[in-house]
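Visitor: Below, each chain spelled out in residue letters.
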Amino acid sequence: GESVGLHLPTLSVQEGDNSIINCAYSNSASDYFIWYKQESGKGPQFIIDIRSNMDKRQGQRVTVLLNKTVKHLSLQIAATQPGDSAVYFCAAPKSSTLGRLYFGRGTQLTVWP
Amino acid sequence: GAGVSQSPSNKVTEKGKDVELRCDPISGHTALYWYRQSLGQGLEFLIYFQGNSAPDKSGLPSDRFSAERTGGSVSTLTIQRTQQEDSAVYLCASSSQGSSNQPQHFGDGTRLSIL
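Residue numbers (our numbering), protein chains in the order written: chain A, -3 to 109; chain B, 4 to 118.
No lab work stands behind these hints: they were computed from the structure. Be careful, since some hints might not be right.
Claimed, not checked - Derived EDC-like pairs: lysine to aspartate or glutamate, alpha-carbon spacing no greater than 16 Å straight-line:
#, chain 1, residue 1, chain 2, residue 2
1, A, Lys67, A, Asp27
2, B, Lys18, B, Glu88
3, B, Lys20, B, Asp66
4, A, Lys67, A, Asp51
5, A, Lys90, B, Asp59
6, B, Lys14, B, Asp111
7, A, Lys90, B, Glu47
8, A, Lys38, B, Asp111
9, A, Lys64, A, Asp45
All chains, full assembly: derive it from the sequences and hints.
Guide: Structure representation (structure tokens):
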């Protein structure tokens, strides 16, 4: 079945550094990917998405890279701030017609001052 | 409000009792999803509603779990005869379409604790 998974469960960075969170997926037919941020006691918050016809997409301080050849995507956060501390999930839908999402187990990002 | 609203935010109940969890999706969103998140885990899909189509119930863990969506808007997730393993955060999400290429927006969940 489909699966998505993050490479590292925890990541610690210093304030101002760039952060990179990686994710692998198994379904080569996956055509849409989403990154979510979840703070303690809150629901997942949409950060950025990317479709399979793109290799890169940029938002405010965030960039998502998609490598379909090796079925890998990454979330890059520029100039990481303490407010970025949270659990980050990558997610992908089951198929192009069904919206249920498969989530990785998450990476806990901790930003040190 | 503009976001997905869930109630109650916390629920503590005794084993064997029934519970109802409510979700108000974003206005105009036709697709609604329920997920469950156990401590330190990713999200586990439960059920999905899209418009007037039959719901996708394939993620419900047992027949003690059921959900309905009335009038294409508000949804209620019901757990009968609760067990301790049902303790988790139950998250609701909605999206503007049922197709996969629209982001799902989540509420803050109901934290359910079974004593």
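Visitor: Could you run down the list of hints and mark each one as holding or not?
Guide: Going down the list of hints, with the structure as the test:
1. A hinted pair counts as satisfied when its Cα atoms are at most 16 Å apart, and A:Lys67 with A:Asp27 qualifies at roughly 11 Å.
2. Proximity of B:Lys18 to B:Glu88 is assessed by CA-CA distance (about 10 Å); at most 16 Å being required, the pair is judged to hold.
3. Only pairs whose Cα atoms come within 16 Å are accepted, and B:Lys20 paired with B:Asp66 is accepted, the gap being roughly 15 Å.
4. Proximity of A:Lys67 to A:Asp51 is assessed by CA-CA distance (about 12 Å); at most 16 Å being required, the pair is judged to hold.
5. With a CA separation close to 12 Å, the supplied pair A:Lys90 and B:Asp59 stays within the 16 Å bound.
6. Using a Cα cut-off of 16 Å, the hinted pair B:Lys14 and B:Asp111 holds, with the two alpha carbons roughly 14 Å apart.
7. Annotation: proposed proximity of A:Lys90 to B:Glu47 holds, straight-line Cα distance about 13 Å (limit 16 Å).
8. In summary, the hint linking A:Lys38 to B:Asp111 is supported, as the alpha carbons are separated by about 5 Å, within the 16 Å threshold.
9. Of the supplied pair hints, the one linking A:Lys64 and A:Asp45 holds, its CA atoms being roughly 15 Å apart against a limit of 16 Å.
In the structure shown, no violation is registered for any of the earlier numbered hints.
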